[in-house]
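Engineer: Given next are the chains, with one letter for each unit.
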Amino acid sequence: MELFQSMWTSMAFDNLYWGNFVMWAIAFIFIYLAIKKGFEPLLLLPIAFGILLVNLPSDIMTPNQGLLWRFYHYGEEWAIIPPLIFLGIGAMTDFGPVIANPKTLLLGAGAQGGVYVTFFGALALGFNIDQAAVIGIIGGADGPTTIFLASKLAPEMMGICAVAAYSYMALVPVILPPVMKLLTTEEQRKIRMKSLRKVSKLEKIFFPIITVIIIILIVPDAAALMGMFCFGNLMRESGVVERLSLTAQNELMNIVTIFLGISVGATMPAEVFLTTKVIGVFALGMVAFACAAACGVGLAHLLNLFLKEKINPLIGAAGVSAVPMAARVVHKVGSEADKKNYLLMHAMGPNVAGVIGTAVAAGMFLSVLK
Amino acid sequence: MANVESPMAGKVWKILVKVGDAIAEDDEVIILEALKMENPVFAPEDGVVKEILVKEGQQVEEGDILVSLE
Chain A
9 MELFQSMWTS MAFDNLYWGN FVMWAIAFIF IYLAIKKGFE PLLLLPIAFG ILLVNLPSDI
69 MTPNQGLLWR FYHYGEEWAI IPPLIFLGIG AMTDFGPVIA NPKTLLLGAG AQGGVYVTFF
129 GALALGFNID QAAVIGIIGG ADGPTTIFLA SKLAPEMMGI CAVAAYSYMA LVPVILPPVM
189 KLLTTEEQRK IRMKSLRKVS KLEKIFFPII TVIIIILIVP DAAALMGMFC FGNLMRESGV
249 VERLSLTAQN ELMNIVTIFL GISVGATMPA EVFLTTKVIG VFALGMVAFA CAAACGVGLA
309 HLLNLFLKEK INPLIGAAGV SAVPMAARVV HKVGSEADKK NYLLMHAMGP NVAGVIGTAV
369 AAGMFLSVLK
Chain B
110 MANVESPMAG KVWKILVKVG DAIAEDDEVI ILEALKMENP VFAPEDGVVK EILVKEGQQV
170 EEGDILVSLE
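For the protein sequence lines, the chains are A and B, in the order given. With my numbering applied, the first sequence covers 9 to 378. With my numbering applied, the second sequence covers 110 to 179.
It is possible that some hints are incorrect.
Unchecked claim - No more than 27 Å apart at the CA atoms, straight line, and that leaves these computed lysine-lysine pairs for BS3-like: (1) B:K127 x A:K206; (2) B:K145 x A:K206; (3) A:K340 x B:K145; (4) A:K318 x A:K347; (5) A:K45 x B:K127; (6) B:K159 x B:K123; (7) A:K348 x B:K145; (8) A:K198 x A:K348; (9) B:K127 x A:K44; (10) A:K111 x A:K316; (11) A:K348 x B:K123; (12) B:K123 x A:K285; (13) A:K45 x A:K111; (14) A:K348 x A:K202; (15) A:K348 x B:K127; (16) A:K212 x B:K145; (17) A:K44 x B:K164; (18) B:K120 x A:K202.
Claimed, not checked - Between beta-carbon pairs, the in silico distance windows are: (19) B:V128 x A:L313: 25 to 33 Å; (20) B:E154 x A:I287: 53 to 61 Å; (21) A:P110 x B:W122: 25 to 33 Å; (22) A:E195 x B:D136: 23 to 31 Å; (23) B:D135 x A:K206: 26 to 34 Å; (24) B:D135 x A:R205: 26 to 34 Å; (25) A:I217 x B:A111: 39 to 47 Å; (26) B:E154 x A:I221: 44 to 52 Å; (27) B:K159 x A:F36: 41 to 49 Å.
These aren't lab readings, by the way, just hints derived from the structure by calculation. Glycine included, each C-beta is placed from N, C-alpha and C at the ideal position.
Make the full structure from the sequences, and use the hints.
Structural biologist: Dropping the structure here:
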């Protein structure tokens with residue numbers, strides 16, 4: 009009998025409570041969504057598996073001991089992995105559309121309005137100021153930035169905010185079109201934009217250098233993200249270190265994504281995840297996305313008051329980062345109004361500018377709240 | 110006679126016409142791929158395909174002539 013009891017204890021069933029089983033169910037749902045529905049599988053699958061592991065009885069997240077704790081501690085708490093992902097994104101990003109049409113930088117900044125609307129919404133709902141900042145940044149639709157800011161301000165919110173950000177990114181094609189259609193007329197959606205001018209190699213090389221200098225001088229706390237982002241972009245555009253650029257985009261990105269995904273998942277044991285706050289985060293995350301798109305479209309309307317050459321206001325919605333999905337959605341909505349309207353490349357401008365915008369917004373939160 | 114020009118930068122994904130085909134305005138002529146999206150290119154007016162100036166898989170820029178009509 010004693011033997012049976014000690015075996016039972018070592019099997020550790022009694023360390024579980026109902027919440028853990030709920031988390032198993034959530035992990036299974038995420039695994040299903042990743043595999044069957046293709047919802048951001050590169051992140052959702054590792055996150056889901058991390059959730060499952062941390063809700064099994066093990067020491068996997070025990071400080072100074074567990075494997076995933078070490079991933080988490082050195083990768084996220086030390087804020088190493090998100091900047092490395094930015095290095096890869098920088099190496100993947102073609103700033104041509106932004107350089108050809110610098111007005112799109114404004115649109116990328118405008119969509120960050122959603123971040124601040126949500127920030128104040130979260131404060132009103134009773135989140136503390138650090139948590140509200142992290143929830144707000146979900147509206148930037150940028151996973152690594154969300155994780156980066158959470159690690160600095162509110163580590164307890166990291167898992168849930170990352171999941172909210174990635175879930176809503178997968179839902180960009182569902183969330184954005186109604187907002188965009190509500191805020192534009194059929195005629196405005198039909199506006200065709202004149203072709204983008206050719207951008208020289210020299211301009212593309214100077215862009216990351218000038219951008220990094222200006223942004224870090226203004227928002228020093230964005231240095232980690234923007235430094236890596238611009239470095240990655242310079243590697244790409246320089247044309248002389250293709251091996252490094254490709255490694256940053258592919259192998260390095262994939263490696264850190266594995267460590268990031270599984271350890272972010274492991275920040276969600278049942279006792280942390282299953283609180284009423286989670287509902288608030290998901291509700292606010294949705295508001296954040298919708299507001300960001302609305303702010304971008306609104307700013308495009310505003311610019312059109314002053315521009316002779318009108319821009320199609322739809323491209324403002326691409327200011328929520330989610331590259332390149334948001335740009336694709338803009339293109340689709342535009343071509344529904346006029347099948348010969350090709351907005352894709354025009355929407356890439358605000359889209360990549362949105363990545364910079366979100367990193368700057370995160371840096372601003374850090375400089376005020378840190 | 111008008112030509113079919115590329116409305117955007119992208120890669121020629123599928124060519125839907127042959128030399129000698131009669132096509133009508135707004136027919137799909139070529140499908141371009143950009144950012145993993147398929148984008149149909151439409152004929153600007155009625156005509157007969159005179160020459161196809163691109164190959165499938167070829168990268169094209171905005172304004173490049175894809176197909177000439179007569």
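Engineer: Indicate, hint by hint, whether the structure satisfies it.
Structural biologist: Results for each hint:
1. B:K127 x A:K206: violated, 31 Å
2. B:K145 x A:K206: Cα-Cα ~22 Å, so holds.
3. A:K340 x B:K145: Roughly 13 Å separates the two Cα atoms, so the pair holds.
4. A:K318 x A:K347: holds, 19 Å
5. A:K45 x B:K127: violated, 38 Å
6. B:K159 x B:K123: Judged against 27 Å, a Cα distance of about 18 Å means the pair holds.
7. A:K348 x B:K145: The given pair, whose Cα atoms are some 18 Å apart, holds under the 27 Å limit.
8. A:K198 x A:K348: Cα-Cα ~9 Å, so holds.
9. B:K127 x A:K44: violated, 39 Å
10. A:K111 x A:K316: holds, 13 Å
11. A:K348 x B:K123: holds, 17 Å
12. B:K123 x A:K285: Between K123 of chain B and K285 of chain A the Cα gap is close to 50 Å, so the pair fails against 27 Å, i.e. violated.
13. A:K45 x A:K111: violated, 36 Å
14. A:K348 x A:K202: The hint holds at about 13 Å.
15. A:K348 x B:K127: Distance of about 22 Å is within 27 Å: holds.
16. A:K212 x B:K145: Holds, at roughly 23 Å.
17. A:K44 x B:K164: violated, 35 Å
18. B:K120 x A:K202: holds, 20 Å
19. B:V128 x A:L313: 25 to 33 Å: Because 49 Å falls outside the window, the suggested range is violated.
20. B:E154 x A:I287: 53 to 61 Å: At 56 Å between Cβs, range holds.
21. A:P110 x B:W122: 25 to 33 Å: holds, 31 Å
22. A:E195 x B:D136: 23 to 31 Å: Once the Cβ atoms are compared, 26 Å apart, the range 23 to 31 Å for D136 of chain B and E195 of chain A holds.
23. B:D135 x A:K206: 26 to 34 Å: holds, 29 Å
24. B:D135 x A:R205: 26 to 34 Å: Distance hint for D135 of chain B, R205 of chain A holds at roughly 28 Å.
25. A:I217 x B:A111: 39 to 47 Å: holds, 43 Å
26. B:E154 x A:I221: 44 to 52 Å: holds, 50 Å
27. B:K159 x A:F36: 41 to 49 Å: violated, 59 Å
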